[in-house]
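Student: So the chains spell out like this:
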Amino acid sequence: MAVEALGVGAVVSNRPRPDGRWVWVLPPLLLIAVLVVYPLVLVAVESAPAWGEVIASTEFRSALLRTVQIAVSSTAGCLVVGTFLAVVISFVPFPGARIVAGLVDTMLALPSFLVALSFTFIYGSTGILRAGGFLTSPWAVVLAEVTFYTPFVMRPLLAAMSRLPRAQLDVAASLGAGPWRVLRQVVLPEVRPALLAGGSLTLLLTLNEFGIVLFLGAKGTTTLPMLVHTKGIVMFDYPGACVIAVVQIALSLGLYAVLRMALGGRRARLD
Amino acid sequence: MTVQLQDVTVHFGRTCALEGLDLSVAAGETVALLGPSGSGKSTALKAVAGFVRPSRGRVRLAGNDVTDLPPAKRGIGVVVQQYALFPHLRVADNVAFGLKAARKPRAEVAERVGEMLEMVGMTAYARRFPRELSGGQQQRVAIARALAIRPPVLLLDEPLAALDAQLRADMLGELQKLRREVPDIAIVYVTHDQSEALALADRIAVMRDARLVDVAPAAELYAAPPSAFTASFLGGANLLPVEPVEGGVKVAGHVVPGLQAAPGESLLCIRPHAIRLEADAVPGGGGAAGRAGVGGEVLGVQWRGAFNQVTCSVDGLAGVTVRVDVPADRRVPEVGADVSLVLPVEACSLVLADGC
Ligand SMILES: Nc1ncnc2c1ncn2[C@@H]1O[C@H](COP(=O)(O)OP(=O)(O)OP(=O)(O)O)[C@@H](O)[C@H]1O
Ligand SMILES: [Mg+2]
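Chains as they are written, first to last, in the numbering used here: chain R, 1 to 271; chain H, 272 to 627.
These are computed hints drawn from the structure, not numbers from a lab.
Cβ atoms here follow ideal geometry from the backbone N, Cα and C, with glycine treated the same way.
Mixed in with the good hints there might be a few duds.
Claimed, not checked - Far from chain R, some chain H residues (derived; all Cβ distances over 10 Å):
id	residue
1	309
2	327
3	394
4	463
5	469
6	505
7	516
8	533
9	570
10	586
11	601
What the hints assert, rightly or not - Derived CB-CB ranges, DEER-like:
id	chain 1	residue 1	chain 2	residue 2	range
12	R	108	H	324	32 to 42 Å
13	R	256	H	395	33 to 43 Å
14	H	381	R	114	51 to 61 Å
Here chain H stands alone, though its shape is the one from the complex:
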């Protein structure tokens, strides 16, 4: 394991920013730390880099305990949200900073800087100052600067957060490409954007309130989220309370057959695109019997281009709204219409209710 966090806990005064984090990242692996604002993602990253000192727990790099080493002795590449390029240094000198700090011979520095700028496509900008670059270009320089020292570990703290949507999509593609160029580096990628996490990460670690909630391979976490929080944060799943019954579970009076509830699992999780909407044959609802799904009423429709996002209430579940994504080529029910929400059993999973 290249990076190993064991029970790492960080306090800022009285606030606990990170509580007992256990996480390891292998060489060549990308782990995304995903979570809402203030959940402790950056703090976890800072603990790895050595910018904050954990009040408890150990940080290991390639098996060596580095908990008490200053950042300068760790040899980790770091890219932060605002890039933090040195404003008084030209692009080439920014990239050379770490190499000069390591007192590498002049010729080697020049060669490596050229190599890195080439890799991020910034060779033509070597003589510019950071303020003469766009956000995306600054970010490329920040990545080149971090990778110049050949770190075994690269930490990225919301590297795309300061960019606009189009550029973010482009840079996401470039990061994927970059990943292939440095295949042996362990990458920790902090983000609150689930699409970035899904696009880049081998594994995703979901954080909430200073704690790690779930960590699993990205596909697994998306397909079968272990907790209600992960289910809703990663992919915005709908969560409906269920009761176990003979041969299935009961959702708002409707039985979904074939689901087996383990002890404590009391929420049904289903993605917005997996629900099918059917217009009710009998307006006003004809009771639960004979219905294809759960009864509900359309509360709102938002057109999102490729699909319509429909919000529905559920009969018998006060306060619960369900999000359904209806492909644009399907008929969209009117607001106020009574509908059946069909829940295909293969798209349903059961999760623990963990207070969200």
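Next comes chain R alone, as it looks inside the complex:
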């Protein structure tokens, strides 16, 4: 649902609103101001004295780098795996394709730390594979995030692929294009908006991921959300935690803006 909302939002915002409608915008705006903006402002105010110190610390810089690194790798992994699986489910006829598509929806409903928990049973020091070192490396976090967030890429892709007219694929084949060419030149360009929507949602979610990192990477891997937790809850360095929180928010909002521009820009060109 959230994935579709991204795309839909882009469409709706392009439409000119008739005058007088703005009255209806006020109550939700007020609600957002009270529930979201006010606490954020408090966080920003609280953070004021600690900026110089936190920004200069290597701890912060490496966490920022780690966060972006993990989010980008996970998103790339989700895009590759998700695209592959969506193509297989949509175009390779095999028994049970429907069930697999249903499982994808079920995955979306699970909490992320469950995946992390289950990973400790497989890779943990007492787990089946007994690869303890792997579990605390950033790659374990990436693997877990790819596992958990791939359905977020697949969901919009599957929807877009099911809307692709069969006739277009048939005609492409009749013009001499093999399956690989049809995939690259017809299917992927046409599902690009879905790919972008799913990918950017995943990027946002992985940037802010906390549960998986907490369960898997507590020692070796420190990301910004982890740092907020450590500073604020464990070390009682509240202003420091607030600085990182503000950076985290700026990162998310900035990325969201870029993504909206990318999607919106593309729409504007299309229409």
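Add chain H with the ligands to chain R, keeping to what the hints say.
Tutor: For chain H with the ligands alone, coordinates are given in the frame of chain R:
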């Protein structure tokens, strides 16, 4: 023979969409597949193109068995009802798609694309996206895209169905013109519109319930339909039950002389424009004797511009209504009037009753 279908049968799960189709199309020939919705026309086309795999039978192209070849290896041009242009590609790139797939040199692609766009009159639109085109323009691009690869066979699946009446008439003229520009291509043209079939096809293949009913040159099929279904589907002929009698056949008590019924032929077929209506001298009918034709009563009159479409009941044939087209310059009988339906023997033919 460029295209040859032999006993081609297609099943979708348990439904049989095409049953034992035998059909061949020669180079330079246009064959129309005509039939009501769901009769298997598109399925036949898909079997030729390779989009569906027949459960039985063979498909041959220029003598080679292609039944097991994928569509990409057949080199057939296909135009479908909704055109299926690639929305993310400009017109020129749509037309170039097949040429690029064949890895033709850049210069050759550009030249051929220019040639094709010129042929369909779309040169000025080369840089547009499909959504920026009207239905008729999209259709021209779809045809250019299909013909760009110089296919020996062109398959058209209801190419005019999505257009409005005026545009359909215009495009019909353009298709006729196009036909003359690619004289050696074998064309299979699927339609449920008999006027398109009559205008474009050398031969018409009439389909019904997944089967081929009749196939013959268009004029022949229209003039002397071999089956009742073809008679009514192609040109909306009237069908009246007859009994053979000495020297002719008897229709509702009236003898039409000079028609010889072969065994099984029990329906008289006559086109709506061939029947002449005469007002009865004696209102209420004066018996069959002395009448010029079959007695009947006018049930309804619809003005259609160039003619009035009159529906009549037939005395002695309950449940049968006859359609008569009366030219606009002739007097039209009142609804409820008793009339004689004159059936000129030269316009009558006899067909098998095949359950319709
Ligand atoms: N992919 C499919 N799956 C299941 N049944 C199908 C499929 N395609 C066609 N059929 C069935 O096969 C029969 C013939 O379909 P076909 O599309 O060939 O008809 P048509 O003559 O082209 O009709 P129309 O004029 O409506 O296009 C129909 O009964 C249809 O329901
Ligand atoms: Mg069809």
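Student: With reference to the structure, classify each hint as holding or not holding.
Tutor: A quick look at each hint next to the structure:
1. Every Cβ of chain R is farther than 10 Å from the Cβ of residue 309(H); the closest lies at roughly 18 Å, confirming the non-interface assignment.
2. Taking the minimum C-beta to C-beta distance to chain R, about 21 Å, the non-interface status of residue 327(H) holds against the 10 Å cut.
3. Under the 10 Å C-beta cut-off, the non-interface status given to residue 394(H) relative to chain R holds; the minimum distance is some 21 Å.
4. Every CB of chain R is more than 10 Å from the CB of residue 463(H) (nearest about 18 Å), matching its label as outside the interface.
5. With a least CB separation of 27 Å from chain R, residue 469(H) remains clear of the 10 Å interface cut-off, as annotated.
6. Remark: the non-interface label on residue 505(H) is consistent with the geometry, its nearest Cβ contact in chain R lying 28 Å away (cut-off 10 Å).
7. With a least beta-carbon separation of about 55 Å from chain R, residue 516(H) lies farther than 10 Å from that chain, consistent with its non-interface assignment.
8. The beta carbon of residue 533(H) sits about 44 Å from the closest Cβ of chain R, which is more than 10 Å, so the claim that it is off the interface holds.
9. With a least CB separation of 44 Å from chain R, residue 570(H) remains clear of the 10 Å interface cut-off, as annotated.
10. With a least CB separation of 52 Å from chain R, residue 586(H) remains clear of the 10 Å interface cut-off, as annotated.
11. A cut-off of 10 Å between C-beta atoms confirms that residue 601(H) is not in contact with chain R; the least separation is 47 Å.
12. Checked against the hint of 32 to 42 Å, the pair residue 108(R) and residue 324(H) passes, with Cβ atoms roughly 36 Å apart.
13. At roughly 42 Å, the beta carbons of residue 256(R) and residue 395(H) sit within the given window of 33 to 43 Å.
14. For the pair residue 381(H) and residue 114(R), the supplied restraint of 51 to 61 Å holds, since their beta-carbon distance comes to about 56 Å.
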